[in-house]
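Colleague: Those protein sequence lines, which keep their order, are chains A and B. Following our numbering, the numbering of the first sequence begins with 1222 at its first residue and continues without gaps. Following our numbering, the numbering of the second sequence begins with 124 at its first residue and continues without gaps.
If you are wondering where the hints come from, they were derived from the structure by calculation, not from laboratory data. Check before you lean on any hint, since a few could be wrong.
[As the list claims (entries may be wrong)] Quick look at which bits of chain B chain A covers, simulated, 3 or more residues with Cβ under 8 Å:
id : region
1  : 202-213
2  : 227-240
[What the hints assert, rightly or not] Short derived list, chain B residues pointing at chain A, Cβ under 7 Å:
id : residue
3  : Glu247
4  : His268
5  : Leu270
For every residue, glycine included, the Cβ atom is placed at its ideal position computed from N, Cα and C.
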Amino acid sequence: MGQASPPPHPSMPVAPDQEALPATLRRNAPLVPTDSAASRALAAVIAILTFLAALCAGAAEIVASSADQWQGSVAQEVTIQVRPSAGRDIDADVARADALAKATPGIATTRIFSKAEAERLLEPWLGSGLDLSDLPVPRLVTLKLADSPAPDLKGLRSALSEAMPGVASLDDHALWLQRLSTMANTFVGVGIAIVTLVLIATGLAVVFATRGAMAGNREVVEVLHFVGANDDFIARAFQRRFFRLGLRGGVIGSCLALAVFALAGLLARLWRSGPAGDEIEALFGAFHIGWRGYAAVLLIGVIASVVTGIVSRLTVRRFLR
Amino acid sequence: MTGDSLLSGVEEPVVQFENVGMRYGLGPEVLSDVSFQIAPRSFQFLTGPSGAGKTTLLRLILLSVRPTRGLVTVFGEEVSDISNEALTGLRRRMGIVFQDFRLLDHLTTYENVALPLRVQGRSETNYRAEVVELLRWVGLGERMHVLPPLLSGGEKQRAAIARALIARPDLLLADEPTGNVDPGLGRRLLRLFIELNRLGTSVLIATHDFALMDLVDAPRLVLGQGRLQIER
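With the rest of the complex left out, here is chain A:
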């Protein structure tokens, strides 16, 4: 110990002698001790919750995009139904409906289902080998819609009911489409609700963990106060620590979810070549979540870490008050 030299003071310039510092000297360790069992447990909880939320978001995204695909292909087609009626020549009615449709702008092609084809459509319900000639089987004309010009379905519908009232009607699948989109929206809504719940659960877990950490580090907080740290500084120290934990948990959870989706996509591709493939494809479309899904999964990871940081800061501020 220097006996005679006075202590360093502002009036005395201090020589920077950085080379004398050992390279291994730790100089800026986090002020709140980081590596404890509780921290690891919290990171694991955040990882699991993020994983579940990401799975949920991905599933909702698959449903939404599959529904879009179905709607797209279904909405490309409309059907004219011509019912047989006493005293009318149904073939003439069908031909007339076809002509009306062809005259409507925006209809790309038309296809008349013959009587035999119409009867075959009933086979699943009535069985084969029946003589249906006495039954008044309705006949169908399917119309493929063109992308442009926009099809004038309203005009076609009124033309049909004007020309053949009570006989010909136009079915644009609106009811079915509406049901489908309601179902898809419900799925997406449920998905968003679950993601929100999971994020709230994450926030609550962080509140408890922060309070535990504050109680466990009471000594540290007290010393920081005595050496002149204000509440904001202390809150930032805790926030930094918890944001890091949240980021670690969020990244692990999101990566696991992405891995699961990648794996599921791979398996779906393998299965599609098998006998069950058609059903799977019909249900899920092509099983991949698209860039929107990946973005949602990553976003959930980021949101989980941000929520962790903000919640811990608020909790510390309240605790210090």
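Keeping the supplied structure of chain A fixed, place chain B upon it in accordance with the hints.
Modeller: Same frame as chain A, but now just chain B:
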């Protein structure tokens, strides 16, 4: 020695107690009717038997407890309803050496000593040279990378003192700063405080080591049964 604890001229006292009484909860008064001042650049001891209220008096100055009655004024500011921001400002002008050191066990000696500068938001490169120089000066140059649990009692004490000095406080409070060291080191630490006092810091040392107090001609604030007497 600038040993006058009364006001000299028009300078405002660093600490002023007026009829301060203090009790914890519903217990008896630990301090009653305590009045004194600590003048700028003064040096004084605080003494008295164990349990006489020395630590309570230091905690009142530190603003970690509030008086049950009477007025405490620190750096000219009456503290009964001081804001958190102002409290932080006042504490940054004080250096404290705790009886039990209160070093943070997860930080190196270097980081512990640098703490008061770090919490002021200064960057590590900015204060590095100062911290290293002070550590060398208190004889911890070779121990700066060591965690406190591995330091000896005397080394912890010096680290605690270095932490109290690093931000060049206007007021240094020390609670039994020589309690854990041999008499030789105790004298060297005392010289360190005197040196700091010469450079303009008011110093208040709580101790019941009469041998140590006899080394310096300085006023003694003597606490006994909750009352304070000033011996010159």
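Colleague: Could you run down the list of hints and mark each one as holding or not?
Modeller: The hints, checked one at a time:
no. : hint    : result
1   : 202-213 : holds (count 3)
2   : 227-240 : holds (count 9)
3   : Glu247  : holds, 5 Å
4   : His268  : holds, 5 Å
5   : Leu270  : violated, 9 Å
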